Amino acid sequence: MSDQPKTAITPPTHTVPPARFSHGVRKGNILQVAGQVGFLPAVEGVPPTPAGPTLREQARQTLANVHSVLTAGGATWEDVVMIRVYLTDTAHFAELNEIYNAYFADLQEPPAARTTVYVGLPAGLLIEIDALAVLG
Amino acid sequence: MSDQPKTAITPPTHTVPPARFSHGVRKGNILQVAGQVGFLPAVEGVPPTPAGPTLREQARQTLANVHSVLTAGGATWEDVVMIRVYLTDTAHFAELNEIYNAYFADLQEPPAARTTVYVGLPAGLLIEIDALAVLG
Amino acid sequence: MSDQPKTAITPPTHTVPPARFSHGVRKGNILQVAGQVGFLPAVEGVPPTPAGPTLREQARQTLANVHSVLTAGGATWEDVVMIRVYLTDTAHFAELNEIYNAYFADLQEPPAARTTVYVGLPAGLLIEIDALAVLG
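As they're listed, the protein sequences go chains P, U and S. Letter 105 of the first sequence, counting from 1, is numbered 105 in our numbering, and no numbers are missing. Letter 75 of the second sequence, counting from 1, is numbered 75 in our numbering, and no numbers are missing. Letter 27 of the third sequence, counting from 1, is numbered 27 in our numbering, and no numbers are missing.
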């Protein structure tokens with residue numbers, strides 16, 4: 001049986017995960033990005049701090065954090081087939097779409113599929129995003 | 001490096017997505033269907049309108065919309081390995097299962113795995129469903 | 001066209017699913033585990049009963065149930081690339097991580113990516129988990 005290696009992805013902007021999970025995992029042609037929130041790039045000795053306080057700042061930082069994992073795993077947004085967006089407030093949907101469209105304005109390939117639902121998140125967090133990429 | 005094309009799937013029943021995402025994406029043997037809600041087939045010049053007002057009507061339309069994406073992407077329900085169901089009310093679980101079982105009564109292959117959770121959705125929407133298919 | 005078989009996975013500890021879904025599905029090198037909750041191993045004639053009442057008991061039973069599906073499908077935790085954790089209470093995050101870290105202390109490969117969000121679940125359930133594995 002030919003075992004494909006399973007690789008953890010930890011971008012330089014990220015802290016070591018707070019539990020036994022990886023910020024991203026690649027196995028074969030599948031790259032899964034863990035749920036990212038809008039934490040600013042990690043600074044040693046400082047607890048994780050979200051960008052903010054607006055949705056715009058958090059959403060852009062969250063997308064940047066997903067992108068850091070993709071990049072560290074050898075992928076680009078072009079490889080992403082699914083993006084899951086978790087918001088905390090249905091009133092944020094229109095603004096999220098505006099931010100999202102601006103962020104992806106230059107995408108060369110068809111955009112990923114997306115599911116957006118409204119959940120609870122830890123205090124101070126307005127958005128969480130994960131992504132599934134298929135490479136090659 | 002052999003690049004597999006990444007294809008956006010837009011069924012004829014669907015509007016252009018309201019943001020930079022695709023209703024479905026196919027890359028290699030993976031087909032990801034974006035979160036579908038119970039919107040009736042698109043009519044030019046008319047804003048998206050959910051089937052309704054009951055869960056039954058919305059759930060059946062939502063399943064039909066997932067199916068439209070699968071069909072437009074060259075897949076069938078037989079290819080689907082995972083279905084994610086987002087409901088807004090735990091009281092809908094039993095009725096959802098009844099609708100679901102009737103809808104899938106004639107499935108020829110083992111049914112997909114499923115996760116059902118209860119989230120917030122935009123006003124008027126009772127259910128959202130996405131799906132992952134593996135072809136070939 | 002070479003059709004890969006699609007196989008339903010039903011561990012001996014599980015009841016027949018309450019609707020037309022499978023506890024797990026394998027197709028090709030993809031194994032998808034359906035959302036598992038903390039039900040104790042099935043006893044004929046007895047309705048599903050969650051472990052409990054604490055998060056610790058439910059979370060460990062839920063992880064055991066995911067593991068049962070993986071095992072019945074020929075996979076191990078080492079093959080899992082993504083774990084989705086649905087909690088009902090943000091106050092459970094720290095305790096969940098403690099339980100999670102202890103459970104995965106002996107993992108030989110990099111841990112799976114993870115997304116944790118807070119949703120509604122049927123009464124009595126505190127946690128639901130699903131998982132995606134890539135084999136081979």
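Some hints here could point you the wrong way.
[Said to hold, decoys possible] Some, not all, of what chain P presents toward chain S, calculated at C-beta under 8 angstroms: (1) G24; (2) Y86; (3) T90; (4) A91; (5) A94.
[Said to hold, decoys possible] The calculated label-pair distances, taken between Cβ atoms and stated as ranges, are: (6) S:T76 x P:P47: 28 to 36 angstroms; (7) U:N101 x S:A64: 23 to 31 angstroms; (8) S:T76 x U:G28: 42 to 50 angstroms; (9) P:A91 x U:V16: 49 to 57 angstroms.
The hints are simulated quantities; they were obtained by calculation from the structure and are not laboratory data. Only a predicted model underlies this, so the values are computations on that prediction, with no experimental measurement involved. Every residue, glycine too, gets a C-beta built ideally from N, C-alpha and C.
Just pull the numbers of the violated hints for me, sorted ascending.
3, 4, 5, 8 and 9
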